[in-house]
Amino acid sequence: MMLKRRDALRILGLSAVLSSSALGLAGCGRSSGGANGPLRVAMVNHVWTDAVRSKIGEFEDLAGRRVLVSTMTSDQLSNTYNVKLNASAPDLDVMMYRPLQEQLLFARNGWLAELDDLLAEDDDYDWADVQDAAKDRVTIDGRVFGVPVVTERPTLYYRRDLVDAPPTTLTEMLETARRLHDPGAGLHGFTGRGQRAGAVSMFSSYLYSFGGDFIVDGRSGVGTPEALAAYEYYGRLLRETGPIGSTNMTLEQITPIFAQGKAVFAIDADAVYQNFIDPATSLVGDRTGFAAFPAGPAGSRPFNIPSWGLTINVFSERRDAAWEFIRWASGPEMTLRLQNEGVPSARDSAWADQESLASFPPDLAESMAAGIATGVGADRPDVVQVGRARDIVGRPIVASILGDDVAASARDASEEFDDFLVRDARQRQL
Amino acid sequence: MAIRTLEQENRRLKWTMLAPALIFIGVMIVFPIIYTVYLSLTDAFGAVNADSSFIGLLNFSDALSDMRRFWPAVGRTVVFTIAAVALELTLGLALAMLLRRPFRGMRWVRTIMMVPLLATPVAVGVLWLLILDPTTGIANTLLGFVGIPPQPFLGSIAQSLPTLVLIDVWQWTPMMTLLLLAGLSTLPNEPDEAALVDGASPWQRFRHVTLPMLTTTIITALVLRSVDALKTFDLIYATKGPGGGSSHEAETLNIYAYGLTFDYQEYGLAAAVLVVFTVIIVLIVLALRRRSAKAS
Chain A
18 MMLKRRDALR ILGLSAVLSS SALGLAGCGR SSGGANGPLR VAMVNHVWTD
68 AVRSKIGEFE DLAGRRVLVS TMTSDQLSNT YNVKLNASAP DLDVMMYRPL
118 QEQLLFARNG WLAELDDLLA EDDDYDWADV QDAAKDRVTI DGRVFGVPVV
168 TERPTLYYRR DLVDAPPTTL TEMLETARRL HDPGAGLHGF TGRGQRAGAV
218 SMFSSYLYSF GGDFIVDGRS GVGTPEALAA YEYYGRLLRE TGPIGSTNMT
268 LEQITPIFAQ GKAVFAIDAD AVYQNFIDPA TSLVGDRTGF AAFPAGPAGS
318 RPFNIPSWGL TINVFSERRD AAWEFIRWAS GPEMTLRLQN EGVPSARDSA
368 WADQESLASF PPDLAESMAA GIATGVGADR PDVVQVGRAR DIVGRPIVAS
418 ILGDDVAASA RDASEEFDDF LVRDARQRQL
Chain B
1006 MAIRTLEQEN RRLKWTMLAP ALIFIGVMIV FPIIYTVYLS LTDAFGAVNA
1056 DSSFIGLLNF SDALSDMRRF WPAVGRTVVF TIAAVALELT LGLALAMLLR
1106 RPFRGMRWVR TIMMVPLLAT PVAVGVLWLL ILDPTTGIAN TLLGFVGIPP
1156 QPFLGSIAQS LPTLVLIDVW QWTPMMTLLL LAGLSTLPNE PDEAALVDGA
1206 SPWQRFRHVT LPMLTTTIIT ALVLRSVDAL KTFDLIYATK GPGGGSSHEA
1256 ETLNIYAYGL TFDYQEYGLA AAVLVVFTVI IVLIVLALRR RSAKAS
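Residue numbers (the numbering used here), protein chains in the order written: chain A, 18 to 447; chain B, 1006 to 1301.
Some hints here could point you the wrong way.
[Stated by the list, open to error] Here are some, though not all, of the chain B residues that point toward chain A, as calculated from beta-carbon distances under 10 Å:
| id | residue |
| --- | --- |
| 1 | T1047 |
| 2 | G1051 |
| 3 | A1055 |
| 4 | D1071 |
| 5 | P1139 |
| 6 | T1140 |
| 7 | N1145 |
| 8 | G1152 |
| 9 | P1155 |
| 10 | I1162 |
| 11 | R1210 |
| 12 | K1245 |
| 13 | P1247 |
| 14 | H1253 |
| 15 | G1264 |
| 16 | F1267 |
[Claimed, not checked] Restraint ranges, calculated between C-beta atoms of paired labels, are given here:
| id | chain 1 | residue 1 | chain 2 | residue 2 | range |
| --- | --- | --- | --- | --- | --- |
| 17 | A | G81 | B | A1124 | 52 to 58 Å |
| 18 | A | D134 | B | I1289 | 41 to 47 Å |
| 19 | B | T1191 | A | P200 | 34 to 40 Å |
| 20 | B | F1238 | A | A202 | 37 to 43 Å |
| 21 | A | E269 | B | F1029 | 26 to 32 Å |
| 22 | A | E269 | B | V1287 | 50 to 56 Å |
| 23 | A | A390 | B | A1055 | 39 to 45 Å |
| 24 | B | Y1040 | A | R304 | 54 to 60 Å |
| 25 | B | A1055 | A | E269 | 32 to 38 Å |
| 26 | B | W1020 | A | S71 | 38 to 44 Å |
| 27 | B | A1055 | A | D234 | 28 to 34 Å |
| 28 | A | N62 | B | R1115 | 50 to 56 Å |
[As the list claims (entries may be wrong)] Footprint (simulated), chain B over chain A, 3 or more residues, beta carbon under 8 Å:
| id | region |
| --- | --- |
| 29 | 176–188 |
| 30 | 267–276 |
Keep in mind that the hints were calculated from the coordinates and are not lab data.
Just so you know, these numbers come straight off a predicted model, no measurement behind them.
Beta carbons: idealized from backbone N, C-alpha and C, even for Gly.
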């Protein structure tokens, strides 16, 4: 049957409308409501997020605007940003991000709004109150791209019922872990991150405490004798006293191992201490002690970093509202309230508040103070392509855990890292 | 005014009716493929739309000369696919033969068999990750009851790929069984009965009567599962994370390309790897289809 010309034109017109509508919806990507629409905030699953989320109603009342929060794991969040910002999507306003992992790349791509003017004009926000090291990490060439909201240091989690006094040196910790390691009885001496890239941030404290660094004078530092000693120590610690399968472990695996009473020691971030001792999930919360990162040959030199910050999507149509949210969520008042709930902040005023410090277990507060005093402001190589760098410098960690030739692995990684650094330096231009 | 013939009118109408589908295919399939090929010829890094230069086939030569990541990933992709599909075919065929004749409770058995197919690969990955956790998982507790020492499973460099193959077999064997059952139900009974009268054993009847008649169905099932297994991503990423584990022990081409894109932001190189991957898949499908055409 043949359709009449008029019918055919109707069908064509309808198809064109449907197609353009569909394409418009898919391709345009405009956020709903324009400048007056709800504020869209992307956050990571974290204790800071849990604490601030319970108070968002206050901001909604204050600003007269709805806030839509989506939470994800750190990898999911990073991938979401990559997809959305590559498409210049305006449907993200406030972004929780890792200054040490993503900032250089995102700023280079032109994806982050600059906050200098906003910070300069806002006396109530008190930018000077933010710790200098944290400010450095969100600043590139004098331009500020985000604000830090939570800081982290490694702390030594240990079983008070099994260990009289926490070890103060790495050597002592290894000896005690070896002595108490009894896998047949379901008890391991130590548990820690062993997955190649995931372990790098925690390994950094061992590296610094052995006197090494990832980059020395612009060149790879992973082949130095200090780095080699750190790699060998960390691998031996996990190989001889850790659970089987350590090379696949991240924080997600080690938390339940410690919380179920299957490890004497664990070293991980202090900001997540509640996950280790929460009575709802931990069998050993009441028997868990905290101590400063044990000293290596170069002393106790843990990382002390602003692990998470807030920033504004440069494509957002609600940048003013996004700043209002950021100044509310990370201003002096809210920071103090959050620290009172056990979330370590990046503001000097909160750390100076004795009542706020009392919210942490006393030995944890001491460990934090020690970390702040001796800490290094980075826990991974300071490069644009952080993911690739972590894969390279993490390779000797795995070789060491497996008992392979650490020197050969470190030499190989060092050569690759040197080549990588040359290319990365070219990509660093903002 | 020229008078149009019926044939001319029909031709115009045909294109009019096809237009929405063609636009959809152009935007959703053709454009991404062309753009991927374009990206593969550039040094795109950081952001897809950032300034990039045309570098010809350099990404392809970089990928094809990469003995550290690319070729091992190709090897793992092939090993994973062949091992998983071979096991699924063998088990699927055995189950299909068992389930071929009606029996009491058949509907229940078939329904239970469908359960793994209903779960998403990520959920399956997380479920097995918990079961196989070397320290806290139930698998090692059960092994302990029969005196087998704890195994690292996915925590081991050596055991990861075989474990992933077994998880894939657990999830997709029912699919193979259903396809082969459908094929078996269409076969005529006469040849089998004739072989029975001639005194053929059950194995001889299966080997020389049933199997040859089922060849077309088997090849169709193989094509479907092989393409799917080659592209496996969710299960591996959910259990082994970025890079397929600490020594890239489970890094297949899909995982490698994903890592290049999202962990390294190397869009040009990732696109080149994906183009090579697509060519490999197309060649395999063409080879299997040719075999299928011969068999039928």
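Original post:
Can you name, in rising order, the numbers of the hints this structure does not satisfy?
Top reply: Structure breaks hints 1, 4, 8, 11, 17, 18, 19, 21, 22, 26, 28, 29.
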